[in-house]
Each structure stands twice: as structure tokens, then as C-alpha cells.
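Participant: Dock chains B, C and D against chain A, hints included.
Protein chains in written order, with this note's numbering: chain A, 1 to 104; chain B, 105 to 208; chain C, 209 to 312; chain D, 313 to 416.
If you're looking for bench data, these hints aren't it; they were derived computationally from the structure.
Using N, Cα and C, we set each Cβ at its ideal position, and we do this for glycine too.
A portion of the hints provided could be inaccurate.
Stated by the list, open to error - Quick partial rundown of chain A residues pointing at chain D, CB under 8 Å, derived from the structure:
id, residue
1, Ile16
2, Asp61
3, Leu65
4, Leu68
5, Val77
6, Arg81
7, Ala85
8, Ile98
9, Leu101
10, Arg103
There are 4 protein chains.
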Amino acid sequence: MTDIADHADHTHHGYITEKDRYLNRLKRIEGQARGISRMVDDEKYCIDILTQISALKSALDAVALGLLDDHLTHCVVDAAREGGAAAEIKIKEASDAIARLVRS
Amino acid sequence: MTDIADHADHTHHGYITEKDRYLNRLKRIEGQARGISRMVDDEKYCIDILTQISALKSALDAVALGLLDDHLTHCVVDAAREGGAAAEIKIKEASDAIARLVRS
Amino acid sequence: MTDIADHADHTHHGYITEKDRYLNRLKRIEGQARGISRMVDDEKYCIDILTQISALKSALDAVALGLLDDHLTHCVVDAAREGGAAAEIKIKEASDAIARLVRS
Amino acid sequence: MTDIADHADHTHHGYITEKDRYLNRLKRIEGQARGISRMVDDEKYCIDILTQISALKSALDAVALGLLDDHLTHCVVDAAREGGAAAEIKIKEASDAIARLVRS
Chain A
1 MTDIADHADH THHGYITEKD RYLNRLKRIE GQARGISRMV DDEKYCIDIL TQISALKSAL
61 DAVALGLLDD HLTHCVVDAA REGGAAAEIK IKEASDAIAR LVRS
Chain B
105 MTDIADHADH THHGYITEKD RYLNRLKRIE GQARGISRMV DDEKYCIDIL TQISALKSAL
165 DAVALGLLDD HLTHCVVDAA REGGAAAEIK IKEASDAIAR LVRS
Chain C
209 MTDIADHADH THHGYITEKD RYLNRLKRIE GQARGISRMV DDEKYCIDIL TQISALKSAL
269 DAVALGLLDD HLTHCVVDAA REGGAAAEIK IKEASDAIAR LVRS
Chain D
313 MTDIADHADH THHGYITEKD RYLNRLKRIE GQARGISRMV DDEKYCIDIL TQISALKSAL
373 DAVALGLLDD HLTHCVVDAA REGGAAAEIK IKEASDAIAR LVRS
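Bound conformation, chain A alone:
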């Protein structure tokens, strides 16, 4: 699915400089997911579970928007500077990812 990614030098992924920060946020997100599971298992009140699901979705949006900004700043700008069709392909990919995010 990502030939582009595979031939790209991984050290250029935009989020790498902030990798630890992302991993911490995703650790918290895993904890939130586990917490929701436990709430259902403990038969907690429906509305409280829904509140936690909304919070988890917002946390995921924050991570996604951060990754996307890093991606535009690094991969897309690099591709634009290289010239040729690379930038177009990267932007098509990014636009499709944004569309999935807006609709999810």
C-alpha cells in the first residue's frame, strides 16, 4: 500500500523527532480503551461510557492532527521541493487521509 513510504528514508518521517511524545500519548489512549472495556465489564452507566468514548475520539483526533501536520511539514514539503510528480502523489495521499479523518 505504501511503496512511497517503503522507499522513503524512515528517518525523514515527520513525527520521529517527537516519537516519545507520540508514544506517551498513545500509551494514554491504550489506557483509555482499556478503561472503557472495564466500564462495560463493571456494568457502569451507559452515559458515562459514552463520555469516555467521546474523550477517546478527541484524543485520537489530536494525535492524528499532529501526525498530519508533521507529515505536511516534512514529507509533503520535501516532495514539493524535489519537484516532479512526487508532490502530487503525496498530496493525493494526504487529502485522502484528511477525508477519512473528517468522515470518521
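Facilitator: Just chains B, C and D now, kept in the frame of chain A:
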């Protein structure tokens, strides 16, 4: 936060009859969250991580919409039948939860 | 699609008591839509047009959440009190509408 | 608000080549907004109004995603090629717009 929930008989929570199905879906969601963490740790391509985040958000929406439907079918209908202010309180709660979900 | 609506007494629609307030908000929404059209015609900056589209979506969400709350408070509660299958049908309808709203 | 836009040559706005197509879509969106107003005025069934609001939000998303793609393809790529801080500013703007869109 949910005095209403606390004094409600827990066996009436709408989702309880489907508890195992919800727990299975939430197990998968936990796995998806762990997978996203691993993708960042393995420095996978940004766009592929975003695709997985969108998929996780959609999975969370599906669980939330199921829980909400169960809640309306059981708690809200029961409260409406009991009469009094109980139904109004339940609907205010549900409307607030729906608003958080629509905006998350 | 709305046999239920057609045989329901229209004066019971939840939003009717606030009809003027809804019509005012929708007048503003129409104005926002016209404004976005004008921005494209005047070749305004893309990002500013996107800001106006987000604002319009939020305004639509606010109207939708208001209508939904009115609907739950009136139609769904009434159906629940009448007993029978009416409440189930109403809740299925409402849940489907909520799902469309969450995903749009 | 958009000094950047003002000093940019308007003929470079990404969406200009498709201006007529956008104007047609926005004409339809204005019609949808007017239709929703009329439904409330005619006291139509709540759920049917909600369906039309969801459809209008999806139509707005489609226009926004199109404009954003055009913007990335033209303005952001041009700025990246010019070098300097211009690309960073453009990407910050675009990321903020995407965040507003995801959250609206």
C-alpha cells in the same frame, strides 16, 4: 457524576444483554490502539497510521451508537413510562452525550 | 418513509413551540451558505472559505442537536407512554438519525 | 486576517480553474439550506429534517475537502518551492483549517 445511574438497578442497563458482544468489540478496539502505538514505535508511514486512527474512530462510533440505542430503548423508555421528571433528566443526559459524540 | 409522521398530529412536533427560533437560525444558515458562494465567486482565500464552511457545519450541528432533543422529549416520550411497538420504531428512527449525524 | 492571501496573486488560488463547478455545488448547497428552512416552516417530521441536515453537512465536507486538496496542490506546493518560512506558515494555516474541519 451519575447519581441517577447509581440508584438505578444495574441489571436494567440496556447493553447488559449484549455485554459479551460489546466486550469482544472493545477487545478489538484495545488491539487497534496497541497496533497504532506499535506502528509509531516501528516508525511506519504517517499516512498508514492515520488510516488506522480513522478506522479506530469508526469502531468507537459503532460501539457508542450501539450503547446509545440500547440506552434509549431501555433507560429512556422506562423513565418515560414511570412518568414524572425522570424522563426529562434522562433525555437531557442523552442529548448531552449525543452532542459530545457529534462534536468528537 | 414517514408514515409515522403523517399520521402523527403535527401540532405535537417537538420543535413547533420554538419554530420561530429555528426559522431565525436557519435564515442565518442560509445567509452563511450564500456568503460562502460569494467568497468563491470573489475568489477569496481558500483557508478563509474553509473557516466559513466549518462554522456553517457547527451551526447545522447546533440546529440538529436542538431538533433531536425536542424530538426525544416529545415524540419518543409520548410513544413510550402509549406503549406497544411505537416507542421501538421511534427509537430506531432516532438512532438511525443520530448515526447519520455522527458520521456526517 | 489573511495578509498572506492579500499579497498572493489571486489567479493562483487552486480552486479557480474549477470555479464554476464549485459555484454550482454551492448553489445546490444554498438550495438545500433553503429546503431545510421550508421543512421547518411546513412543520415536517423531525427525523426527515435531520436527514436533510446530515446530507447538507456531507455536501459541505465534500466542497471543503475539494478546496483543501486544491489549496495543498497549489498554494502549499508553490510556497514549499519558493523556500523560506512561507511553506511553514501555509502549512500551519492548512493544519488549523483541517483541525476545524475535523472538529466541526
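Participant: With reference to the structure, classify each hint as holding or not holding.
Facilitator: Structure-based check of all given hints:
1. Ile16: Cβ of Ile16 (chain A) sits 17 Å from chain D, so the hint is violated.
2. Asp61: This interface hint holds because 6 Å falls under the 8 Å limit.
3. Leu65: This interface hint holds because 5 Å falls under the 8 Å limit.
4. Leu68: holds (6 Å)
5. Val77: holds (4 Å)
6. Arg81: holds (6 Å)
7. Ala85: violated (12 Å)
8. Ile98: holds (6 Å)
9. Leu101: Cβ of Leu101 (chain A) sits 6 Å from chain D, so the hint holds.
10. Arg103: The hint holds - Arg103 (chain A) has a Cβ within 8 Å of chain D, the shortest such distance being about 7 Å.
Of the numbered hints given earlier, the model fails hints 1, 7; all others are met.
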